[in-house]
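Taking the hints into account, I'd like the entire structure generated from these sequences.
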Amino acid sequence: GAGVSQSPSNKVTEKGKDVELRCDPISGHTALYWYRQSLGQGLEFLIYFQGNSAPDKSGLPSDRFSAERTGGSVSTLTIQRTQQEDSAVYLCASSHPYGGELFFGEGSRLTVL
Amino acid sequence: GEDVEQSLFLSVREGDSSVINCTYTDSSSTYLYWYKQEPGAGLQLLTYIFSNMDMKQDQRLTVLLNKKDKHLSLRIADTQTGDSAIYFCAVPPTGANNLFFGTGTRLTVIP
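Chains as they are written, first to last, in our numbering: chain F, 1 to 113; chain P, 1 to 111.
Calculated directly from the structure, the hints in this document are not laboratory data. Computed from a predicted model, the values in this text were never measured in an experiment. Hints are supplied without guarantee of correctness; some may be wrong.
[Stated by the list, open to error] Derived list of chain F stretches under chain P, where covered just means 3 residues or more per stretch with a C-beta under 8 angstroms from a C-beta of chain P:
| # | region |
| --- | --- |
| 1 | 41-51 |
| 2 | 101-111 |
[To be verified] Some chain F residues well away from chain P (every beta-carbon gap over 12 angstroms; in silico):
| # | residue |
| --- | --- |
| 3 | Val4 |
| 4 | Thr13 |
| 5 | Gly28 |
| 6 | Arg69 |
| 7 | Gly71 |
| 8 | Thr78 |
| 9 | Ser95 |
[Unchecked claim] 20 angstroms max Cα-Cα, derived SDA-like pairs, lysine to any residue:
| # | chain 1 | residue 1 | chain 2 | residue 2 |
| --- | --- | --- | --- | --- |
| 10 | P | Lys36 | F | Leu39 |
| 11 | F | Lys11 | P | Lys36 |
| 12 | P | Lys36 | F | Arg109 |
| 13 | P | Lys36 | F | Glu44 |
| 14 | F | Lys57 | P | Gly95 |
| 15 | P | Lys70 | P | Tyr48 |
| 16 | F | Lys11 | F | Gln80 |
| 17 | P | Lys56 | P | Asp83 |
| 18 | P | Lys36 | F | Gly3 |
| 19 | F | Lys57 | P | Glu2 |
| 20 | P | Lys36 | P | Gly82 |
| 21 | F | Lys17 | F | Gln80 |
| 22 | F | Lys17 | F | Arg109 |
| 23 | F | Lys17 | F | Ser66 |
| 24 | F | Lys11 | P | Gly42 |
Beta carbons: idealized from backbone N, C-alpha and C, even for Gly.
This is the structure:
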């Protein structure tokens, strides 16, 4: 596709359930980022993938959060045993190797009841 | 870790200038960025400045960088109602290829 695609755009779940959020980056972009946007918190860095290198997971807030990137393309962010404080918009971005402009998807809005 | 701070809110009257400020604690010697997020949309790159510059002008936008004070600002001249959005500064920390974003400044332009 022409841009970064994220799904679902909206997800409502019950506390304690697991959720998966998907990101399809721009073709040819080897770098992929996940951020979380909460009210008043700005954009919180979660994880960064670059090609076949080990991902930078330093931003993941707890071990309930994990992400993988299969075949250097599509990425899935998984949140296990969701809590109400996980409610936020989860943004994915991709870029050419070694930085430069990040292209963002429109985000997945997660609401945990 | 990297800490990037911005004021949360700014209101200006249409036609006035807007100045959005950003302070950071660490930056590599590359580019620093300003992104814009319009209501209900994803972030888009607005402008950027290379770390060896102290000013960059791009039409109505002026970016100022003070590396000594670790301060970045974005000035929007002749602010229009269409400029109403959230503005994020973004800084790459030393030794890393990811980007840390500020808290975002919500700019409201009053007609």
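Hints and how they fare:
no.: 1; hint: 41-51; in the structure: holds (count 6)
no.: 2; hint: 101-111; in the structure: holds (count 6)
no.: 3; hint: Val4; in the structure: violated, 8 angstroms
no.: 4; hint: Thr13; in the structure: holds, 22 angstroms
no.: 5; hint: Gly28; in the structure: holds, 17 angstroms
no.: 6; hint: Arg69; in the structure: holds, 14 angstroms
no.: 7; hint: Gly71; in the structure: holds, 21 angstroms
no.: 8; hint: Thr78; in the structure: holds, 20 angstroms
no.: 9; hint: Ser95; in the structure: violated, 9 angstroms
no.: 10; hint: Lys36(P) <-> Leu39(F); in the structure: holds, 16 angstroms
no.: 11; hint: Lys11(F) <-> Lys36(P); in the structure: violated, 25 angstroms
no.: 12; hint: Lys36(P) <-> Arg109(F); in the structure: holds, 19 angstroms
no.: 13; hint: Lys36(P) <-> Glu44(F); in the structure: holds, 16 angstroms
no.: 14; hint: Lys57(F) <-> Gly95(P); in the structure: holds, 15 angstroms
no.: 15; hint: Lys70(P) <-> Tyr48(P); in the structure: holds, 15 angstroms
no.: 16; hint: Lys11(F) <-> Gln80(F); in the structure: holds, 14 angstroms
no.: 17; hint: Lys56(P) <-> Asp83(P); in the structure: holds, 19 angstroms
no.: 18; hint: Lys36(P) <-> Gly3(F); in the structure: holds, 17 angstroms
no.: 19; hint: Lys57(F) <-> Glu2(P); in the structure: holds, 15 angstroms
no.: 20; hint: Lys36(P) <-> Gly82(P); in the structure: holds, 12 angstroms
no.: 21; hint: Lys17(F) <-> Gln80(F); in the structure: holds, 7 angstroms
no.: 22; hint: Lys17(F) <-> Arg109(F); in the structure: holds, 16 angstroms
no.: 23; hint: Lys17(F) <-> Ser66(F); in the structure: holds, 15 angstroms
no.: 24; hint: Lys11(F) <-> Gly42(P); in the structure: holds, 17 angstroms
Hint violations for this structure: numbers 3, 9, 11, all remaining hints satisfied.
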